[in-house]
Every structure is written in structure tokens, then in C-alpha cells.
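**Q** The primary structure of each chain is shown beneath.
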Amino acid sequence: MQFHRQVLPNGLEILGETNPSALSVAVGFFVKTGSRDEVAGESGVSHFLEHMLFKGTEKRSAFDVNRDFDRIGADNNAFTSEENTVYHATVLPEYLPDVVDVLADMLRPALRQDDFDTEKGVIQDEIVRYEVQPAWSTYDHSRKVYFQSHPLGQSILGTKESIDALTRDQMLDYFKRRYVAPNILAVAAGKFEWDGFVRLIEKQCANWPSGPVGRVGRVPAVGTATISAIHRPKVMQEYVMLWNAAPAADSPLRYAAHLLASIVGDYVGSRLYWALVDPGHAESADMGYYEYDAAGVFVTSFSGSPEASDENLKRVRTVLAEVQQKGVLPAELELARTKLASREVRASERTFRRMLGLGRDWTYLGQYRTLDDELAAIDSVTIETVNELLQKHPLNDFTIVGLGPAEKLQLV
Amino acid sequence: MQEIFQHTFDNGMVLIAERVPHVRSAAFSFSLRCGCAYDPSESLGIASVLAELLVRGAGERDSRALTAALDGLGVDRSEGAGVWMMTFGGATLSRNLLPALAIYADILRRPHLPASELEPVRAHALQDLESIEDEPQAKVMIELRRKHYPEPLGRDYRGSQDGLKSLTINRIRSHYDRHVQPRGLILAVAGDFAWSNLRDHVAERFETWQPVEFVEPTISGTRPTGGAMIKELDQTQIGIAYASVPMSHPDFYAARGAVGVLSEGMSSRLFTNVREKYGLCYAIGARYETMRDRANVMCYTGGKPERAQELLERTLYELTTLKDGIQEDELQRVKAGLKASLIMRQESTAARAGALASDWYLLGRVRLLDEMQRAVDSLTPQRVVDHLRAFPPGDFTIVTLGPEPLKD
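Line by line, the protein sequences give chains A and B. 1 is the number of the first residue of the first sequence in the numbering used here; add one for each residue after it. 1001 is the number of the first residue of the second sequence in the numbering used here; add one for each residue after it.
To be clear, the hints were calculated from the coordinates, so they are not data collected in a lab. Using N, Cα and C, we set each Cβ at its ideal position, and we do this for glycine too. Heads up, a few of these hints could be off.
Simulated pairs of lysine to any residue, SDA-like, Cα-Cα distance not exceeding 20 Å [as the list claims (entries may be wrong)]:
hint : chain 1 : residue 1 : chain 2 : residue 2
1    : B       : 1339      : B       : 1359
2    : B       : 1339      : A       : 307
3    : B       : 1277      : A       : 113
4    : B       : 1277      : A       : 64
5    : A       : 120       : B       : 1304
6    : A       : 234       : B       : 1359
7    : B       : 1165      : B       : 1130
8    : B       : 1277      : A       : 111
9    : B       : 1165      : A       : 307
Stretch-level coverage of chain B by chain A, calculated; a stretch enters the list once three of its residues show a Cβ under 8 Å from a Cβ in chain A [to be verified]:
hint : region
10   : 1068-1082
11   : 1088-1101
12   : 1300-1311
13   : 1341-1351
Sequences are here, hints too, so could you generate the full structure?
**A** Structural data, given as C-alpha cells:
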């Protein structure tokens, strides 16, 4: 495997990892923009714009875009997060020129008014589709409660009202501001020839406008240390989430954070598993570590019978308090390390996952990292590193939000 | 060139393996003939409770020690019951494959099935059952299966409240004795391994396992009909099912091609004609699912209650007009998609192991990449249309979930 990088004069960066034994090549355009970069009055525009990129360009209709991916058997899609909008496709190696042709073309959308109007209906349905899922709703609400006015508290999908009010001109303005060449990475991983890829990108992207980019509000979030419940009598189970601060995406402590989340809340064999799921107290209980630009969070969640919520919340807090006071055991750390390393190795066998990793590492760290770099970093975490993490980002002052039939949540 | 190995042991257990060079991972899957179709009707849910209990202590290890042992080998695992099969799957690094299989020999052959674990597992299963109410899409598709398939093929693995509440440890142990056995068991492995080591290792741990007689479930001759479930929801969920031909049928690839025209990729008919043109929904799709002797196409969509009738009608229109003609270029796209996914699936050892097990169960052999590519290549619009005329989508089972019923 070999790493390559080139920057075009307009600022667009091209990255690649060539692997001659791969069966496919995955290509992605990473636009460093998401819901946290939206200003007042444009909530949901990043994600809506992502949809609009599939609606055609000056030379392609919406159908042409989809047809040109399907014609070459591409496995393609896009996603929008708080900080990134990524358009990607995985294809057999011989279709690299075709896939770059359509992907790069998409990034210069026509944004036609009638497509904009039709797509609003689809976005509205997507919003409702998530709202009717209590597990997701809990995440969305609790994120807002935790982040408050911090930009990471801004909704990715927006609301029914914000989408209704959004105009095509606002979207065009956002596009011009955020989709400038220096804010975009073109990334490929798998079986392909580097020079050829650079030529394809140059041909289509060299004339994209340049411009200043940046991000405001790059500060850590502190949370609210509150407890609240959203009363939904028609929901069957109670869904509860606890948020607290964790290392940012570029912190050296991030590996320790991933390992800690695994020890405390992996889907099986973790402390929460043994305390809540194994005894049948809850349907699920886990902990995740989410890393962002200049901020990070641990999100601990559980779901189960509403009557058991207060008792389960107590169990969760007991687990977290014990970890905070006594740290973790060497044997637990070893198991978590093995699990995480095994997952990293397996993920690296997919060109799509390598491409995402490449783009992510470059976006957040400005570094190329091989699988072996990742494995070495996981290996280097010690009990002391975990203790340092717990000291800097203690498991306390949780922002706790429940959603379901319970009228309120109590600390018992 | 694919390197596929197979061995059938005297007790009926089948080991099927594909060596994938250049990978550091390995994946395995045990499929046992113990899905929820075998649940006695008064014990619905017993198979999934049994699957969960099996990993709570086996051989010399109690529940915690067993989990720690698998974690220590970096095994990401899953277990559960489908309609026909109970499966135990795992993925790890190649070097940990054999030790992991040894632990699964304990799980399947020497489980503790501890009485003390029944209550927690039952409590968990009841909550799992309850959680369906909070997932409208899952609920409509579960109900669709129940209404479309004859008993017991439309069952959901979660069983019923009554069934779960009635379970005793003795009943579970006797279900284990009858159904967890080497006859019909398929162990599929994909990754980098040495075949003779793998075969000998499996032989040593499973060869002495004695088979027992199979008891096949009776499939009822009739199927229930669809209907509407009323629930105050901001989105009406729609499930539609119709019959197709199984993988063993000569028309299999034509049937897959037809579903592809409907739903493969974003230029497919359902996506283009229902979502893109009218903005009626966010999610829409059709999926082919096959058993040994029958297959069906399951469609899902969901949209605003006030436009749900239109959504249903436009979806049904696409299904029924498919037989009226297929364009060369739309079929070309489906073929490109099927061929690419066949090759790209090779990059995941877990997907590979799953495909080996499924081929062996459905056909008694493994389809090689080459064979599948040739079959896809040979599809023409005429062949697909001929198939659709012989087996036209129709006689739909329709299940909806939303504030108001819809008209068929």
C-alpha cells in the first residue's frame, strides 16, 4: 500500500492509498461542512443540499446522475454529519474514470427550483421517519440539551418549520460559501493508478472556485449537568441517554477514550452489559465515544421497561462512578484492545472503509495513518493513559435525558 | 480462481470453506436447523431464548468466562434464530479462527443451559418483543410476514408474550436435545486458513457428536390475508408482499433481475417513479427473499398519512406494470450492479461465509463467482419479461400501519 497526496492550485486536496491486491476502488469527496456550520435561518441546509446534489447538474438530470452510477454497478451514497458531507462510490477498478466523471460533476449542482420544491417533501418524510423512532428521537433531543447553543447542538435534518422556510437562494448562498475547493478533499483507496486519478480530478475540479474557509465556534462543550424527561405516553419503552465531555478528534487521548467506551459499554462483555443487559434489567445498554472538531462526548444510553428506568439509571451511574473512582483493570484493557484491533483489521479489508479512514484522518489530523499505525496506537494505551483520560474528562456532571412513558426521571 | 473446500462428516455436519488470500481476517457461521419454525406453538420464542442461553456458559466456562474467552480472541459475534435456522456467527483474525471454533464446540455440544439464567434471558426477550412497538418500519414488516406466509413460516423470532412466559428450563433443555444436533448443521468459514488444519480441527471437535432424528414442522396449506393496523403515527407504513420463484428454480436469475429493475440502485423504477418524481416518500424498496421451496418479494415504503393512498397506488402500479416491458438499458444497469456486488462481496469474509452457508442450505452446493456472472450476463429483457408473464406480481398481501386504513 502506498500513500499519495497532491494539492491543486485552487486548494483542492487529492489523497490516495493504492492497494494492488484490492478488488475495487472507493472514491469519495469530503466536503468539510455540516450542520454546525449553518447560520441562523438555514437549519438543515447541509443535509438538504446533499440530497440536491443527486438532482442533477448543468449536463445531467437527476435521473442521469443515478443512471450513471447504476450503469457501472457503483455502490454509492452520501451522508451528512455535524461536520462533514461525504459523497462516495465504490466500483470495480475499470470504472474509475466513469465514477469520477459523475461524482465530480455532482459537486457542481444545478439546484433547479422545481427539484428543490419536490425534494422538500422527501426531506420532510425523512424528518418524520426519524421522529417516529424513539431511540433516534432521544439522541436528537438529548444532543440539543447537552450542547445548548454550541454549534454541535444544531440539528442535521433541521425541523419541519426550518425546511418549510428554507429557500433555494439560501441554499445557493450556503453552497457558494462552503463548497469551495480548499474545503474539499478528493480521496481514493483500493486498486487504482495514482497519476491517472490525479489527472481525472484535475480535469474536472481545477476550475472550481477557491475562497476563504473556516469554522467558527471551535470550542469544547461543557454540557448542562441536568436531568429531564420528555413525556411520550404512546412509546412502549423508556430511552435514556447520559452525555459528558470527552476528548476531541485530534486528542492523543482518543484511543484511550475508544477503549474506555468499549470496557464500559460494548454491546457484549462490558461493565454495562453485565450490570444491565445480562441480568435482564434493560433491553440494551451501551456507551459510545464520538469525536468532533475541538469537542468530544461520551454518550451512555439504555432502554427498557419504563418502570425500571430509575433503578436502571442508578445502576448505570454506579458503573460509571466506580470506573471514575477506581479506573479499569489490566485484564479489561487487554480484552478491549484485542476487540478493537480485530475490528480495525477487518474494517481495513474494505476499500470503502479505508477511503473513509483516509479522509477522516486527513480532515482531523492532517495525517496519513496506516492500519499498523492504528494498531500501534491502540497497543500503546496503558492503565495510566486511561487514568489521565478520566482525570481530564471525568465521568460525571452528566446531562441526562429520558424519552418515553415515564413522566419524570429521578436520581434514586 | 476461487479455493473452495467441503467435507461432510458421518454425523451429517457439513464444513464448507473458502480460502481468501490477502486477508488477515476470518469469519465463520454455524447454521442449525433450529429456527423459530420449529418452536412448538405453545412456546413461541423458545428458539431465540435457547440461542441466548447457549452462550451463557458451556464446557468449563461459565457465562462470564465464555464471553471473556471470545473477547480475548477478538471475536465479534452474533447469535439468534431465523425462520428455519439458528445461527452463530463470528468474525475475528485468521490466527484466532481455530481457538474460536473450539469454544463454539463447547457452546453447541456442552452448554450449561443454567436455570439461573432463564429469568434474565426471558426478561430481555420480553423487552425485545415490546420494543417492536417503537419501531414502526420493523413492525409493519413483521406483520407483513405473518400475514403473507403460511404458518409457521411467517413467524418472528421474538415469539409471543404467552410463549415466552410459559418457558421452563426443562422445556428449553428438551428443545435443545431435539434440535441442536449435527444433522443439517452447516459450518461455513471464509478467510486465510490451511484447509487440512481446519478440517482436522473441526473433525476432532465435532465428529463424535451423535445425530438424532429430524422432526420437520408442518406447513399449513392456507395463508392469512393482509390488513390495516391503526395507530396514531405521523407516517403511514406500508408493506407489500408477493410470490416469486426460489433460488433452485431455473428462473431464479430472471426473478432477481425483475426485482433489480424495481429496486436496484437509485435509477430503479420504485425510486425514480415514486420517490423522485412525486416526492411521496423517503424510503422505498423491494427485496427478494428465498427459502428452499418458495420465495417472495417484500416491499416497504412509508410516507405522510395524507398522501399514503397515492403512495400505495403508485407503488402497486410499478409492481403490476413491470411485466409490460423492460428496457435494455435498465436491465443492463441491474446486471452491472449484481456483478459488481458479487465481486465486492469478496472483500468481506463475513459476507463470504454467509453466502457459503446460504448456498449450501438452499442448493446443497456453492455457486462459484464465474457461474453467477455468466448467469447474470445471459439475462435479456425478453427472458425477464417471459418470467414476469409466467409469474406476474399480483395477489398482493398488503399491510399498513398508520392513523387510517388504506384501500387496496
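**Q** None of the hints should be skipped; say for each whether it holds.
**A** Hints versus structure:
1. As the CA atoms of residue 1339 (chain B) and residue 1359 (chain B) are separated by approximately 17 Å, the hinted pair is consistent with the 20 Å bound.
2. Of the supplied pair hints, the one linking residue 1339 (chain B) and residue 307 (chain A) is violated, its CA atoms being roughly 51 Å apart against a limit of 20 Å.
3. The straight-line distance between the Cα atoms of residue 1277 (chain B) and residue 113 (chain A) is roughly 14 Å, inside the 20 Å bound, and the hint therefore holds.
4. Only pairs whose Cα atoms come within 20 Å are accepted, and residue 1277 (chain B) paired with residue 64 (chain A) is accepted, the gap being roughly 14 Å.
5. At roughly 13 Å between alpha-carbon atoms, residue 120 (chain A) and residue 1304 (chain B) fall within 20 Å of each other, so this suggested pair holds.
6. With a CA separation close to 43 Å, the supplied pair residue 234 (chain A) and residue 1359 (chain B) exceeds the 20 Å bound.
7. Annotation: proposed proximity of residue 1165 (chain B) to residue 1130 (chain B) holds, straight-line Cα distance about 13 Å (limit 20 Å).
8. For a cut-off of 20 Å, the pair hint linking residue 1277 (chain B) to residue 111 (chain A) stands: about 16 Å separates their Cα positions.
9. Distance hint between residue 1165 (chain B) and residue 307 (chain A) is fulfilled; the C-alpha atoms sit about 19 Å from each other, no more than 20 Å.
10. Residues of the region 1068-1082 of chain B with a Cβ under 8 Å from some Cβ of chain A number 9, which satisfies the need for three, so the listed coverage holds.
11. Counting residues of the region 1088-1101 of chain B whose CB lies closer than 8 Å to any CB of chain A gives 4, so the stated coverage by that chain holds, three being the minimum.
12. Counting residues of the region 1300-1311 of chain B whose C-beta lies closer than 8 Å to any C-beta of chain A gives 3; at least three are required, and the coverage claim holds.
13. Closer than 8 Å: that is the beta-carbon criterion, and the region 1341-1351 of chain B has 8 residues meeting it against chain A, so the requirement of 3 holds.
Checked against the numbered hints given earlier, this structure breaks hints 2, 6; the rest are met.
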